[in-house]
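Chemist: Required output: the full structure, derived from the provided sequences and hints.
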Amino acid sequence: MSGEGDQPQAIRKLKPGTLVIASHNEGKVREIRALLGPYGIEPISAAELDLPEPEETGTTFVANAELKALYAADLSGFPALADDSGLCVDALNGDPGIFSARWGGPEKNFVLAMESVESNLAEQGPDVSRAAHFVCALALAWPDGHVEWFEGRVDGTLVWPPRGENGFGYDAMFVRDGDTQTFGEIDPDAKHAISHRADAFQQLVAAVL
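Using this note's numbering, read the sequence shown as starting at 160 and increasing by one per residue.
The hints are simulated quantities; they were obtained by calculation from the structure and are not laboratory data.
Ideal Cβ placement from N, Cα and C applies to all residues, glycine included.
Hints should not be assumed to be uniformly reliable.
[As the list claims (entries may be wrong)] Derived DEER-like restraints, expressed as beta-carbon distance ranges:
| id | residue 1 | residue 2 | range |
| --- | --- | --- | --- |
| 1 | E324 | P213 | 29 to 39 Å |
| 2 | N252 | K174 | 34 to 44 Å |
| 3 | A365 | D338 | 16 to 26 Å |
Modeler: This is how it looks when you write it as structure tokens:
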């Protein structure tokens, strides 16, 4: 989907070569590298290039992904891919949502973030809905300002206490619908095939690679 203006535009293809992953989150960078591996793309992270992180002022996942991708593309001179993703909990009116990392405090401590989600749910009593979904918005930007974006989603249920050492973020408390293991328990390769990020990536691959 093009991020430019209101008029439909042709999808721009991404050529093999350097691609900046506009993230300082090592877990995200690792997943994105694995997903890009087969396509002749040479990923380098914003952290490796010492690019600063822009302030995320958008009000949606797509807006924040676009902002980060454009910033990294402009500073680096290479195409840049940004991910903005988070956990949306039905009973919390969609929170933590775009503020998912911030629920972990200044250090982005996701043990604290998971405890905060659980505490907020517990306040609503034992019968509260534990339905939740992950969203991933991917924005692919070029130095000339062109943007393509894609959004993926996976639905599931929250469990407590957290389970598993794989994954990152809220993975250890999220069980995808139809599964019994959390994203923190399943093999990373299996997660790459079924996650919200995988959903968005499949759309990106089909469109630009």
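Chemist: Would you mind marking each hint as holding or not holding in the structure?
Modeler: Going through the hints against the structure:
1. Take E324 and P213: their Cβ atoms lie about 31 Å apart, and the range 29 to 39 Å holds.
2. At about 42 Å, the beta-carbon gap between N252 and K174 stays in the expected band of 34 to 44 Å.
3. A C-beta distance of roughly 25 Å is found between A365 and D338, which places it inside the suggested range of 16 to 26 Å.
Consistency note: the structure conflicts with none of the earlier hints.
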